[in-house]
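Asks: Under our numbering, think of the first position of the sequence shown as 1, with each following residue one higher.
Worth flagging that the hints you see were computed from the coordinates, not collected in a lab.
One should not assume that every hint holds.
Quick list of simulated restraints, FRET-style, between CB atoms [said to hold, decoys possible]:
hint	residue 1	residue 2	range
1	Gly108	Gly138	41 to 47 angstroms
2	Leu158	Ala190	27 to 33 angstroms
3	Phe151	Arg191	18 to 24 angstroms
On a predicted model such as this, the values are computed, not experimentally measured, just so you know.
All C-beta atoms, glycine included, are put in the ideal place defined by N, C-alpha and C.
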Amino acid sequence: MRTPMRADARRNRELILKAAGEVFVGEGPDAPLEDVARRAGVGIATLYRNFGSREALIRGVAAATLAELRGAAEEALAGGDEPFEALRRFAHTALNLRIGAVLPALSGRIRIDEELAELRARTLRPVQELIVRAQQAGRLRDDVVFGDVPFMVMRLTLLLPGGGFAEDEALAHRHLELYLDGLRPEAARARGAGLPGPAITAARFIRATDRIVGGNDG
Numbered sequence: 001m002r003t004p005m006r007a008d009a010r011r012n013r014e015l016i017l018k019a020a021g022e023v024f025v026g027e028g029p030d031a032p033l034e035d036v037a038r039r040a041g042v043g044i045a046t047l048y049r050n051f052g053s054r055e056a057l058i059r060g061v062a063a064a065t066l067a068e069l070r071g072a073a074e075e076a077l078a079g080g081d082e083p084f085e086a087l088r089r090f091a092h093t094a095l096n097l098r099i100g101a102v103l104p105a106l107s108g109r110i111r112i113d114e115e116l117a118e119l120r121a122r123t124l125r126p127v128q129e130l131i132v133r134a135q136q137a138g139r140l141r142d143d144v145v146f147g148d149v150p151f152m153v154m155r156l157t158l159l160l161p162g163g164g165f166a167e168d169e170a171l172a173h174r175h176l177e178l179y180l181d182g183l184r185p186e187a188a189r190a191r192g193a194g195l196p197g198p199a200i201t202a203a204r205f206i207r208a209t210d211r212i213v214g215g216n217d218g
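Produce the complete structure using the sequences and hints provided.
Replies: Next up, the structure:
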């Protein structure tokens, strides 16, 4: 049986993961781990006690990002909001995780093994439920498929050249509201035509994230 972490140890681990995500986005996954420790406000020994290697830390960042995304979706589902507002709430929370900046920064450094694949599947299920609920309530256009929403969030959180986190985040939330308006059924009726491009099914989304995170070509 695994011994529960002390509150201070758990807090240190969370600080390290948050700092690592920020440093890897800004400097790449080969950035000095001393920079990560300094940003987290811990010693390098504390970092290595939590993550024995750079690869373990990179994997930890990916897993933590997925877990936070799942938590955001589950919280939106349980929040009691009407279905489209729940989806909107999730999308804005997901933007704050900067998944479109964090995961590509780790490209080619993560192997999608059975454990990570299961974590990804557990993350995608509540996201899909948010979409289905909104469509069943007539609040989300029928031609939106599963991958449209997470891909939208990922694209909006890609860092702009020369921009800073704060500026990019503010722009992303502004543009998300414009995108969300386009997801409503009345937007589809006003346009009077189907969406261009291929539908991003769950399987297609998984293949795409395999390429982004694992650096695979398939």
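Asks: Against this structure, judge whether each hint is valid.
Replies: Status of each hint after checking the structure:
no. : hint                                : in the structure
1   : Gly108 x Gly138: 41 to 47 angstroms : holds, 43 angstroms
2   : Leu158 x Ala190: 27 to 33 angstroms : holds, 28 angstroms
3   : Phe151 x Arg191: 18 to 24 angstroms : holds, 19 angstroms
Checked against the numbered hints listed earlier, the structure breaks none of them; every hint is satisfied.
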